[in-house]
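S.K.: So you can see what is in the structure, the chains are spelled out below.
Protein chains: 4
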Amino acid sequence: MTKNDLQLLRGQIDEINLQILELLNKRAAIASDIGKIHAALGSRFYDPQREAQMLIALESANQGPFSNDTIKALFREIFRATLALEEKQARAKMLVQRDSDDDRTVITLPDGTEIGNGVFSVITGPCAVESYEQMDEVAAALAERGVKIIRGMGYKPRTSPYDFQGLGEPGLSIARQIANKYGMMVTSEIMDKSLIDMMSDYVDIFWVGARNMQNSFLLKALGKVKQPVILKRGLSATLEEFLYAAEYIVANGNPNVILMERGIRTFEKWTRNTLDIGGVTVLKLETHLPVIVDISHSAGRRDIAVPLAKVAKASGADGIMFETHPNPPVAMSDSKQQLNIEQFHQVMDALEGK
Amino acid sequence: MTKNDLQLLRGQIDEINLQILELLNKRAAIASDIGKIHAALGSRFYDPQREAQMLIALESANQGPFSNDTIKALFREIFRATLALEEKQARAKMLVQRDSDDDRTVITLPDGTEIGNGVFSVITGPCAVESYEQMDEVAAALAERGVKIIRGMGYKPRTSPYDFQGLGEPGLSIARQIANKYGMMVTSEIMDKSLIDMMSDYVDIFWVGARNMQNSFLLKALGKVKQPVILKRGLSATLEEFLYAAEYIVANGNPNVILMERGIRTFEKWTRNTLDIGGVTVLKLETHLPVIVDISHSAGRRDIAVPLAKVAKASGADGIMFETHPNPPVAMSDSKQQLNIEQFHQVMDALEGK
Amino acid sequence: MTKNDLQLLRGQIDEINLQILELLNKRAAIASDIGKIHAALGSRFYDPQREAQMLIALESANQGPFSNDTIKALFREIFRATLALEEKQARAKMLVQRDSDDDRTVITLPDGTEIGNGVFSVITGPCAVESYEQMDEVAAALAERGVKIIRGMGYKPRTSPYDFQGLGEPGLSIARQIANKYGMMVTSEIMDKSLIDMMSDYVDIFWVGARNMQNSFLLKALGKVKQPVILKRGLSATLEEFLYAAEYIVANGNPNVILMERGIRTFEKWTRNTLDIGGVTVLKLETHLPVIVDISHSAGRRDIAVPLAKVAKASGADGIMFETHPNPPVAMSDSKQQLNIEQFHQVMDALEGK
Amino acid sequence: MTKNDLQLLRGQIDEINLQILELLNKRAAIASDIGKIHAALGSRFYDPQREAQMLIALESANQGPFSNDTIKALFREIFRATLALEEKQARAKMLVQRDSDDDRTVITLPDGTEIGNGVFSVITGPCAVESYEQMDEVAAALAERGVKIIRGMGYKPRTSPYDFQGLGEPGLSIARQIANKYGMMVTSEIMDKSLIDMMSDYVDIFWVGARNMQNSFLLKALGKVKQPVILKRGLSATLEEFLYAAEYIVANGNPNVILMERGIRTFEKWTRNTLDIGGVTVLKLETHLPVIVDISHSAGRRDIAVPLAKVAKASGADGIMFETHPNPPVAMSDSKQQLNIEQFHQVMDALEGK
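Heads up: the protein sequence lines correspond to chains B, X, D and L, in order. For the first sequence, my numbering assigns the number 10 to the initial residue and increments by one for each residue that follows. For the second sequence, my numbering assigns the number 10 to the initial residue and increments by one for each residue that follows. For the third sequence, my numbering assigns the number 10 to the initial residue and increments by one for each residue that follows. For the fourth sequence, my numbering assigns the number 10 to the initial residue and increments by one for each residue that follows.
The set of hints was computed from the structure by calculation and includes no laboratory data. Bear in mind that the values here come from a model prediction, so they are computed numbers and not experimental data. For glycine and all other residues, C-beta sits at the position ideal for the given N, C-alpha and C. Among the clues, some could well be false.
The following label-pair restraints were derived from C-beta to C-beta distances [stated by the list, open to error]: (1) 93/X to 59/L: 25 to 33 Å; (2) 65/D to 62/B: 34 to 42 Å; (3) 179/X to 92/B: 25 to 33 Å; (4) 110/D to 190/L: 42 to 50 Å; (5) 152/D to 154/X: 42 to 50 Å; (6) 115/D to 190/L: 52 to 60 Å; (7) 19/D to 76/B: 19 to 27 Å; (8) 179/X to 210/B: 54 to 62 Å; (9) 24/X to 354/D: 33 to 41 Å; (10) 120/X to 169/B: 31 to 39 Å; (11) 112/B to 35/D: 24 to 32 Å; (12) 153/X to 35/D: 45 to 53 Å.
Looking at chain B on its own, in the form it has when it is part of the complex (with noise of 0.2 Å):
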């Protein structure tokens, strides 16, 4: 055989490759004629049965060169572009993703305070909730430099049932109180459905904690709440898992969610957890949420708080979270990575480019 045989052969690929691409298209406008039918009878699109059924249609109808298990790999390919393509048109497409450059989610606040509007947004306060003065210490801080959201956790998810849990309602009563003194909004952690009313009453914005992000009862639950959510990935999620957690949310009747990446777990150990950075730019290009950052538990150390900072708004972030305390070694929780007041002032400087 020669050079020119293979330019013959070539140009019959190209000719099937072109059959090939007119049939599979016919196929897809048929399947989404089946999908319609679906749609009005309420059934669901995927039908493992039916696909089964195909396959072995297929097996048996197969004469090679290529083996049944390459066939049927290839058709389940189709089956699931099919499949993606019926889906799409019945809804459009995942509630969280983004559709053009310019597809942006902003949430505003009561106090009228937006997030994800493009200004680089920060929100810090202590750990937990310890006392008044505490909280009051840190609040008068963050007014001087202009945030405007407080957090503070009444509970706290431990890893052991004998560590502090938190002050409680108490502890969020106290926020709202500081809160209020301050003109600040305020943010805390839910971690069970039942607390959802109760905490109503203190909190401005709700958040999920990693240990929580495949909760769907609580994420359901949320998605009926009328404030904002601020979720945070799970220690060792996905970034698909991810935003399908977030889906949960949106699908549930909530479009106020807030991803915060906040550290993968990892064998490094140096650092507590490992910030995902290149996570939060690929979250910037398939949703259209805003995206911050945790620089405390993402780092478990308050030396790398600076670079991190400026790490995160380089990134594309619509803002930060990290822990403010007003003295750091004597702090309930984490208190190797809560910065003191000095601290937090270096971060600010430092992304106000001082």
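Knowing the structure of chain B, use the given hints to seat chains X, D and L on it.
M.R.: Relative to the frame of chain B, chains X, D and L by itself:
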């Protein structure tokens, strides 16, 4: 200097070692007395402010050659050891920890079936309850081999809100009917504490899924139920976190916890998760609770079920869980990892040494 | 539309499926002829430029409903399947892949000892050769139990350049003398291809450490030696990468490769690494090469050596390697994981079912 | 007992703390003298047998309340601290460690270009050298933007032995010609120490790939060359292991090492690796060596190159490396992550704040 000098200096070190030893123990004895006062006063053992003061005093007294950082690090170790001693004396130890070689929790189900008694337990059944017929077909096979515990989810945690989430209470009702028909016990996943009352009518053993391993509100609530609880290890939970999660249940009143290793998330792609069999052997050293192995989720593929069942048994685990479905290719979830009836028999044969 | 319409549309889909099937196989047959021309011309099968051209042609012909992205994705799958077919026909398959259930490589050492013949092999000895006396004491114990292969490193890879790097050639000489005294085979780590000639005088089985699993220059050079090679899995190598690394050796002329699973790096801290026993069972399906399990490095602690040895045997692996030292607490490396002589006997007892 | 008792007991603890402090420092001073004798005798500081003896003596003297295990753990910390002190006094410290804020290694290339001098360096070029024309087209674009260092592999590590392994010496020769034509410096990967001499004729900066980060024979050999060495972090190397690998080169005589973070292997699939930007900020604290970021391999996708370039700059890194190819879709390797010329300009624009 000579080798004689070396001998002399080493003697001095030996002398100092013994002096330090004496002081450490004297210190521990006093700390123990302090611990008793704390316990009487109802205050916490751990007092970070007091530790901070002691470190400052040491720092200002330190004249080297050890640096302040080293001195602080060494004393933090001493503090930690002392605290551990105080806590041990007050609470004996973590409730889930094993004291001695024959310290073993044996769990007895309503029908007298035991888990953790040295006999290797088998728990199987479909991933989710799909229909009466499906459960019936599986249960008949189980009965044939003397399997006493059938699994079947009514509520199924899913990554996507658009995937099949389980039949709910009707599914649990089917599972109960089938179990009653064949004289079996039912285990099913509990996803939220609000479901406990209802599910208690149907289920003999609750299980907590990997996504909820650190849902402390759920764990605490399960400390109040009468049924045993299977606790699945979180996707990326350390063994230490796993034991602390079990401690939440036990410390809240339910001693009947069964730990389930179900694979951890790693970079490897040819298995769905990585079965941490070394972790199983460590758990058997550390805790008196029964430990079972989920060979379905840890593998994500049925073609290695037989060797994994043998591995689980060889590891010293108390049993296995796996998924059996009459027709895995059409299962509504996890179709790649469910065994068909024939494969179920192969696993049973392997366990029986056939 | 009605259910009858559904039936009709499904019939059309079935028809199209068969047409696509026929075109795919026709396309594959032509591609196979092209592959033969490539082989004759000595050119590569994979031609990215040609693929790019075909994709551009399809894109410009595509009129939907499938998007260009979906069409390109589907055709890339077809290209990949076709390429796989061509390569298979030219090279049959990856040399290390298993063809059938009884396709097994059995490796015969100079003294007739076999690995992979169905008998469970035990390889043990100290981490590193430290002295003649040390090796002698260990070898005497091994001889007592019929162990035929002794390990001992002359060159030891260390994280820090200041740690003990092995005795070098004198250490290998000791290992050889001891092996000759007791009628044993020696295995030792080869760290650089420049050492092959020298080490060949002392060593019966080379092993490649985890750090060098993808050192292709070393792997290629080991394709030229007459000794078998144990290839340790890299710290975070996928099973696929592991098999490709073995393929480097086999494709360069040395068919006698033994794969060693030695634990992968994960977040878990209570074991040094995570033994991927599921991976072992998958390797036994995928390759005809013998697979052994290093129960020392995968655990990093000796207190689980006995159950891990049983686990390895139950998994279907062909043997184990572990470290035995006369006095582990004073070993120059890996002291926490080396077994003492008594513990060596416990492992042997466990393997013999005592 | 009362609060007064508490005060009294705390006073006693304070007293004992100071006594322990004094003994620890006295012990350290003696140990330091022993260290000097060791240094004079040329023997190792670390003597595990001596440590074992001391622990046995302590164990037999211990009368509690601390358990033997706790006492041994505390003394092991004391031993470790003492050893650290001795080693510090003998060798000052790990050579790569940073002493003070302005302790920075600045590397000067033959043409006067500096790395680590506070100016952000850009290194780019194709993954592998494929042809003169390819290199020429890229270099022309680089020259336009003032990029002084071009990359291009002659030897390419590949997972499969059947993939393109690079053009070898002819490829390096092309890179050299192009660099000379445009007045640039060349960097290329060194895969085995046997290639050093030959490659020295073509290459201005060697780089060690991730797979070879712990190839100590290669690292030691690169300690003897006159060219700077870029050391890429291993796929799953901790930062500590990374610094020790650099120490191998520096301790063997070559102080001109540049660290390159290139992403670590995690479970996440939407990026090829996970860029550990937190690790970069920690490295900048721990070492005086320049640190650069590979935004191609860490991402594996070109659509996030612009934000990652900004992130790298914001992190305090000394530069970036990325891949630029005239026609990425037809590249012989890594086609998904190589930028085309236009995208190269976008990254340069972003770095210049345009």
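S.K.: Would you mind marking each hint as holding or not holding in the structure?
M.R.: Checked hints:
At about 28 Å, the beta-carbon gap between residue 93/X and residue 59/L stays in the expected band of 25 to 33 Å. One distance hint, 34 to 42 Å for the beta-carbon pair residue 65/D and residue 62/B, holds here, with the actual separation near 36 Å. Checking the proposed 25 to 33 Å range against residue 179/X and residue 92/B shows it holds: the Cβ atoms sit about 27 Å from each other. Checked against the given bound of 42 to 50 Å, the beta carbons of residue 110/D and residue 190/L, roughly 60 Å apart, lie outside it.
Between residue 152/D and residue 154/X the CB atoms are about 45 Å apart, so this pair conforms to the stated range of 42 to 50 Å. In this structure the hint that residue 115/D and residue 190/L lie 52 to 60 Å apart at CB holds, the actual value being about 57 Å. A hinted range of 19 to 27 Å holds for the C-beta pair residue 19/D and residue 76/B, which are about 26 Å apart. Separation of residue 179/X from residue 210/B is about 37 Å and departs from the stated range, judged on CB atoms against 54 to 62 Å.
Under the hint 33 to 41 Å, the C-beta atoms of residue 24/X and residue 354/D, about 39 Å apart, fit the expected range. The hinted window of 31 to 39 Å between residue 120/X and residue 169/B holds, with their beta carbons roughly 35 Å apart. As the Cβ distance of residue 112/B to residue 35/D is approximately 44 Å, the hint placing it in 24 to 32 Å is violated. One distance hint, 45 to 53 Å for the beta-carbon pair residue 153/X and residue 35/D, holds here, with the actual separation near 49 Å.
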